[in-house]
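Number of protein chains: 2
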Amino acid sequence: MRIAILGTGTVGQTIGSKLAQLGHEVFMGSRDAANPKAVAWANKENLNKDSTQKHALFGTFANAAAFGEVIFNCTLGVASLAALRMAGAENLRGKILIDTANPLDYSTDSWALTVANEDSLGEQIQRAFPDSFVVKTLNTINCDVMVNPNKLSEGSDLFLSGNSAAAKARVASYMRDWFGWRSIIDLGDITTSRAVEMYIPLWRCFRKYVNSYDFNIKVVTI
Amino acid sequence: MRIAILGTGTVGQTIGSKLAQLGHEVFMGSRDAANPKAVAWANKENLNKDSTQKHALFGTFANAAAFGEVIFNCTLGVASLAALRMAGAENLRGKILIDTANPLDYSTDSWALTVANEDSLGEQIQRAFPDSFVVKTLNTINCDVMVNPNKLSEGSDLFLSGNSAAAKARVASYMRDWFGWRSIIDLGDITTSRAVEMYIPLWRCFRKYVNSYDFNIKVVTI
Numbered sequence: 015m016r017i018a019i020l021g022t023g024t025v026g027q028t029i030g031s032k033l034a035q036l037g038h039e040v041f042m043g044s045r046d047a048a049n050p051k052a053v054a055w056a057n058k059e060n061l062n063k064d065s066t067q068k069h070a071l072f073g074t075f076a077n078a079a080a081f082g083e084v085i086f087n088c089t090l091g092v093a094s095l096a097a098l099r100m101a102g103a104e105n106l107r108g109k110i111l112i113d114t115a116n117p118l119d120y121s122t123d124s125w126a127l128t129v130a131n132e133d134s135l136g137e138q139i140q141r142a143f144p145d146s147f148v149v150k151t152l153n154t155i156n157c158d159v160m161v162n163p164n165k166l167s168e169g170s171d172l173f174l175s176g177n178s179a180a181a182k183a184r185v186a187s188y189m190r191d192w193f194g195w196r197s198i199i200d201l202g203d204i205t206t207s208r209a210v211e212m213y214i215p216l217w218r219c220f221r222k223y224v225n226s227y228d229f230n231i232k233v234v235t236i
Numbered sequence: 015m016r017i018a019i020l021g022t023g024t025v026g027q028t029i030g031s032k033l034a035q036l037g038h039e040v041f042m043g044s045r046d047a048a049n050p051k052a053v054a055w056a057n058k059e060n061l062n063k064d065s066t067q068k069h070a071l072f073g074t075f076a077n078a079a080a081f082g083e084v085i086f087n088c089t090l091g092v093a094s095l096a097a098l099r100m101a102g103a104e105n106l107r108g109k110i111l112i113d114t115a116n117p118l119d120y121s122t123d124s125w126a127l128t129v130a131n132e133d134s135l136g137e138q139i140q141r142a143f144p145d146s147f148v149v150k151t152l153n154t155i156n157c158d159v160m161v162n163p164n165k166l167s168e169g170s171d172l173f174l175s176g177n178s179a180a181a182k183a184r185v186a187s188y189m190r191d192w193f194g195w196r197s198i199i200d201l202g203d204i205t206t207s208r209a210v211e212m213y214i215p216l217w218r219c220f221r222k223y224v225n226s227y228d229f230n231i232k233v234v235t236i
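Chains A and B supply the protein sequences, listed in that same order. Just so we're on the same page, the numbering used here is the position in the first sequence counted from 1, plus 14. Just so we're on the same page, the numbering used here is the position in the second sequence counted from 1, plus 14.
The hints are simulated quantities; they were obtained by calculation from the structure and are not laboratory data. A portion of the hints provided could be inaccurate.
[To be verified] Derived Cβ-Cβ restraints for the label pairs, each shown as a range:
id	chain 1	residue 1	chain 2	residue 2	range
1	B	D133	A	G23	38 to 46 Å
2	A	R184	B	M15	50 to 58 Å
3	A	S124	B	R196	27 to 35 Å
4	B	A179	A	E83	51 to 59 Å
5	A	P50	B	R141	46 to 54 Å
6	A	W192	B	A96	45 to 53 Å
Beta carbons are placed, not taken as given, at the ideal position from N, Cα and C, and that holds for glycine.
The task is simple: from the sequences and hints, build the whole structure.
Following this line, the structure appears as structure tokens:
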């Protein structure tokens, strides 16, 4: 598949590398056509390949979005709407947009959420791009666990939020096939993005308690 | 022990009944000296006893707080500060105040939090009663699971937030001895109340998904 990754940070690189290594064509987009992190990432992934065909590409947000059949938003939450506007509604139209971002203000010690409670980043993105199918997922775990959930000692849960049942079913199959997720919980429509974004303060407490990024939660029932 | 329960709702009744049945003297406080729900609860619990001594008592918030060595806040989050002011700082001074409440606005469909992100109900209570030892706990689970965590199919996690390590250690032992909690995670100081209160929207999603109140989360590590 042709997959766009918007964002050159650790999340984008980790997801991009996993997908390139699975044989997909992955296009990493950023504000600049030749962001040094994107260039270095693409060179590294292409070296990993036996084939002469380049599987890892880089360019602007718009280049990436135009290329991708599916788009991952891996930008910082506070920059996501601007990045997606640069990607262009016409390049995102009719496509699944997987939103992994959290609207955190890293300038504060408390990492306050910049939107919460009666709105969320997932909803803002869906409102701004009504012709795309936004599915919020993966934002509740560190990127190493995102692409390798089986590194944990037992199964844990991945969550999906989105308005389109068909898009969520497609994303669930991607998460299963690409990354190995087994327990995938459909939380409901895109308003449930609030819940997964507002979980991040508790995720931060767990990170300190566990003293590692390698963890997730599991819902335990009767 | 002499234990005060502030609030006559399902949470207060469930915790109060469990503690009375364990042989503690439990005083349920409310706005009125003879709230019908508190009277009915006390009558039921006292009938359950062989002894002629009444183990279940009722009265005002102030009566309850004056009686209790430990105080449970089981009032609605939006009413908690007013209830605790009626209980009286002098009756709460030097005591452990276990805050189980969530600041939810039930008048909205979305159950928006009335405080979140850069403050929390737990912090508001600690600021309003600086001479009490506020420990936030139990707010992340339904009351039937609070007092009987072993009804779930496997172990799950209970969280503590509070500024006093000694008070948290005491509350951890209460949770173990009274209710059977085994995995108790100290999240940190009272500012971590934000995290457990902001988890409630995700709890609500889980409740719909599980279609039951009998669930909790467990942190899974490597």
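Taking the hints in turn, this is what the structure says about them:
no., hint, result
1, B:D133 / A:G23: 38 to 46 Å, "violated, 29 Å"
2, A:R184 / B:M15: 50 to 58 Å, "holds, 56 Å"
3, A:S124 / B:R196: 27 to 35 Å, "holds, 30 Å"
4, B:A179 / A:E83: 51 to 59 Å, "holds, 53 Å"
5, A:P50 / B:R141: 46 to 54 Å, "holds, 47 Å"
6, A:W192 / B:A96: 45 to 53 Å, "holds, 52 Å"
Checked against the numbered hints given earlier, the structure breaks only hint 1 and satisfies all the rest.
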